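Fit chains B and C to the known structure of chain A by using the hints.
Residue numbers (our numbering), protein chains in the order written: chain A, 1 to 174; chain B, 1 to 411; chain C, 1 to 237.
Treat the hints as calculated values from the structure; they're not laboratory data. Remember, predicted model here, so these are calculated numbers, not experimental data. Incorrect hints may have been included.
[Stated by the list, open to error] When the alpha-carbon atoms are kept at most 25 Å apart in a straight line, the in silico DSS-like pairs for lysine-lysine are as follows: (1) B:129 / A:103; (2) C:188 / C:216; (3) B:134 / B:180; (4) B:9 / B:128; (5) B:15 / B:404; (6) B:9 / B:402; (7) B:180 / B:153; (8) A:103 / A:58; (9) A:103 / B:128; (10) C:119 / C:33; (11) B:39 / A:103; (12) C:119 / B:9.
[Stated by the list, open to error] Calculated Cβ distances over 10 Å to all of chain A for the following chain B residues: (13) 31; (14) 35; (15) 52; (16) 97; (17) 104; (18) 245; (19) 266; (20) 270; (21) 373.
A virtual CB, placed ideally from N, CA and C, is assigned to each residue, including glycine.
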Amino acid sequence: MRSLLTILLITSALGLFTPILADDAPELTWEMMKALDSQSTEIPESLQALQNQEVTVKGFIVPLELDEYIDMVRDFLLVSNPLACIHVPPPPPNQIVYVQMEKAIPLDMDFRGVAVTGILQIPGPDATWEEVSFEMTGLSAKEADIEFDDSMMDILDGHYDTEIPSPNAEDAYF
Amino acid sequence: MSLLNLVLKSLASRKLITALLILSIGLSSSLLIGVQKIKQSAKQSFSQSISGTDLIVGARSGDIQLLMYSVFRQGQAVANMSWVSVESIRDFPQVDWLVPISLGDSHKGYPVLATTRGYFDHYRYAQKKALSLKQGRVFSSPFEIVLGAELAKTLNYNLGDSLYLSHGVSHGHSHLHKSKFTVVGILASTATPVDKTVHIPLEGMTALHAEDETEFCTHSKLGDQGLRPSSVTACLLGLKSKFSIFSVQRRINDWPDEALMAIIPGVSLARLWSSMRTIDSAFFIITILVTIIAFIGLLLVLFMSLQARQRELAILRTLGAHPSQLFLMLSLESLIITGTGVLLGLGFMSGLGQVLGPILEERLGLILSLSTFSSTELYLALAIIGVGGVTSLIPAALAYRKGKGEGFISL
Amino acid sequence: MSIDALIQIKSLEFSYPNDPGFALNIPSLSIEKSDRVFLEGPSGCGKTSILNLMTGLMLPQAGTIDVLGSDITQLSAVQRDRFRADHFGIIFQLFNLIPYLSVIENIILPCTFSRSKRKKALQRSVPLGDEARRLCQGLDIAEELMQRPVQQLSIGQQQRVAIARALIGQPEIIVADEATSALDDERKSQFMELLIRECDRHQSALIFVSHDRQLKSQFASSYQLSELNTESASVTA
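Looking at chain A on its own, in the form it has when it is part of the complex (with noise of 0.2 Å):
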């Protein structure tokens, strides 16, 4: 019997205490996004030491390849706001991540915005995949992969930020 509550009190310990071990991965803001200049090839400094790191991006999803089933989404753009108005102009491309999931994740997580965590990748000057090149070199929006953070989704629930970011005129795409 003493053993049992041994085992109960060290898995309980552990419990708590991995929450705490997992909540690491620094947010990657929108605001600190901003930093990018899609038209140069740098990354900048503030970025810099974010690139090839886990981090958290919180925003909306706009799918882009959905699974068999229309239930889960694989490959998706994550934006600031629900791009619910037609007269607030498209996010500039460092305003959007695209984003690849390891494994697919539930298309209806997205009604009140996701945060996503995965490696961020920021393509350098030498990114190959783009080839128009004002459009990609300095590359603004995140890559983000691998895993999504489940527990971040009641931190959604009081605390995300409602204020919709607005682009400012240098930004703007056109």
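Below, chains B and C without anything else, positioned relative to chain A:
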């Protein structure tokens, strides 16, 4: 004789009731599973039909409409988009490839899709699978045809066969075009609307609708100025960068010269399905209710049989049956009835699927696979059998309790 | 009280929770092996209660019931059920056969619930159906009746099937509860003859419970329940 045998004989002695119960559970489970199956199959059919296309452009209408007629050949385009606009869009720096498509004609009820050779390179389905030819090649002159797999099989067409196309999409042979087309390629099966489509070059369609059809002949070439279409139904676009999707979309939506719209296929598909969700839920609730009703029937019968078989259970008790064995007997009864009912339901659904499948496919333009069983259906079937087991719990527990109190005294 | 006692009851006290007017109090009762015992008493004075207790269907509030050397009051419910299945063969009044089973199936039914009966029956003849047939032959049940559903048999034939069912697997104790009450005189004597002959042949003890005094003469020992039950004085018949 085992307990199982005893239960089977007991059920056999009440043939009519047992049969009715099995029937009611069978029907309700085939309804429940069948509706789920059609829904999943339809979803699958929708989502598999388009992949790897960043934008679809057409005349301004509803986004779901554009999706439906450009991908599923269902419904009609409100208007066409001019070739001038097509060329302008193709010239956008962000555009990697552009495939124009035109719909409107048919052949024996099957839709005709006029497009460019680029269609066969760029069109993707089912999570980025490309089209491939089972036989022959892609068209290289205006009056050549590439057939979808299903169509070729059903109408028994082979390479080299000649076809005539009808104007409009009605079934009859109203206004047959004079020009003769030759089959040069047959595509491999895709389980999408592609399988039931006749593909011709855009130039061929222009020739069909020219004032004087006989003006053009087999010596015409693709790219001939005279055969350039003046308008098309829609365009599929591939962009060089995903990040330009929104800006290109906005630019097309705001196009000053013509009322156009550009949709992101993934978004429109998700929107289509979310608008269906209420119907979907409603159907689901109805089928669940029907199943519950069937199980209430089962519960009723179990209770009533308990009453009638009191003496029988008392006899078994004195012969040495433990109350838990009486419990087991009633549970087995319920499981046997439910299990048989579900099997019957599955069989019924499969049979019905064979019959209804082709009709639904034609009406909705989808490819459904109603006669095969996926894991979802099996889980549902097991769940229903599980409910059967649970339903018997109360009567079986009652049998247990009564059994404990039985003795010689009740005989 | 010999060591060969089949059933030995000591200081038995029993009453039903819902029925304050009835109580059973038996200081002692001993039934020997190969006894033929007649338990007499009008209905309602505790005959069925004694049978319930002896066969382990119910537990007394106090006292011990030794059957074949084991005190069944100390056994768990499951064990008591098994004990009853293994060592008792029971014949009731009418309508005691399972209506949707055939004659053969009814006779072999006890073997479903008792492994020891099954084993013993199979030692005599294989398969079980043949053992049932053998018993039927001994009881003059015609061959062509054997596969028939029991409802099609006459009352007399049904009672014989009941005897066969009680006998299969050679249980040590046969209990007959008002087994002849629904028979006419001729059938009654036929039945008794058969029953006693078969019990002798299989060397089973017979406990015959009835209110019919006429049958008492065929039994070696008899007990009046009103004498056994020291509480009976307070019970109004």
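For each hint, the structure was consulted:
Of the pairs offered as hints, the one joining residue 129 (chain B) and residue 103 (chain A) holds, with about 19 Å between alpha carbons and a cut-off of 25 Å not exceeded. Straight-line distance between C-alpha atoms of residue 188 (chain C) and residue 216 (chain C) comes to about 13 Å, which keeps the hinted pair within the 25 Å bound. Using a Cα cut-off of 25 Å, the hinted pair residue 134 (chain B) and residue 180 (chain B) holds, with the two alpha carbons roughly 23 Å apart. Of the pairs offered as hints, the one joining residue 9 (chain B) and residue 128 (chain B) is violated, with about 57 Å between alpha carbons and a cut-off of 25 Å exceeded.
Under the criterion of a C-alpha separation no larger than 25 Å, the hint pairing residue 15 (chain B) with residue 404 (chain B) is inconsistent with the structure, at around 29 Å. Distance hint between residue 9 (chain B) and residue 402 (chain B) is fulfilled; the C-alpha atoms sit about 22 Å from each other, no more than 25 Å. A C-alpha spacing of about 20 Å is found between residue 180 (chain B) and residue 153 (chain B), which places the hinted pair at or below 25 Å, so the restraint holds. Proximity of residue 103 (chain A) to residue 58 (chain A) is assessed by CA-CA distance (about 18 Å); at most 25 Å being required, the pair is judged to hold.
Simply put, residue 103 (chain A) and residue 128 (chain B) have alpha-carbon atoms about 16 Å apart, close enough for the 25 Å limit, and the pair holds. Among the hinted pairs, residue 119 (chain C) with residue 33 (chain C) is consistent with the structure: their alpha-carbon atoms are about 22 Å apart, no more than 25 Å. Under the criterion of a C-alpha separation no larger than 25 Å, the hint pairing residue 39 (chain B) with residue 103 (chain A) is consistent with the structure, at around 24 Å. Annotation: proposed proximity of residue 119 (chain C) to residue 9 (chain B) holds, straight-line Cα distance about 24 Å (limit 25 Å).
Separation of residue 31 (chain B) from chain A is adequate, the least Cβ-Cβ distance of about 20 Å exceeding the 10 Å criterion. Residue-level check passed: residue 35 (chain B) sits 15 Å from the nearest beta carbon of chain A, beyond 10 Å. Listed as outside the interface, residue 52 (chain B) is inconsistent with that label: its C-beta sits roughly 8 Å from the nearest C-beta of chain A, within the 10 Å cut-off. In this structure residue 97 (chain B) is separated from chain A by more than 10 Å, as the shortest Cβ-Cβ distance comes to about 12 Å.
The claim that residue 104 (chain B) is not at the interface with chain A holds, since no C-beta of that chain comes within 10 Å of its own (minimum 28 Å). For residue 245 (chain B), the requirement that its beta carbon stay farther than 10 Å from each beta carbon of chain A is not met, with the minimum near 7 Å. Taking the minimum C-beta to C-beta distance to chain A, about 4 Å, the non-interface status of residue 266 (chain B) is violated against the 10 Å cut. Separation of residue 270 (chain B) from chain A is inadequate, the least Cβ-Cβ distance of about 5 Å not exceeding the 10 Å criterion.
In this structure residue 373 (chain B) is separated from chain A by more than 10 Å, as the shortest Cβ-Cβ distance comes to about 16 Å.
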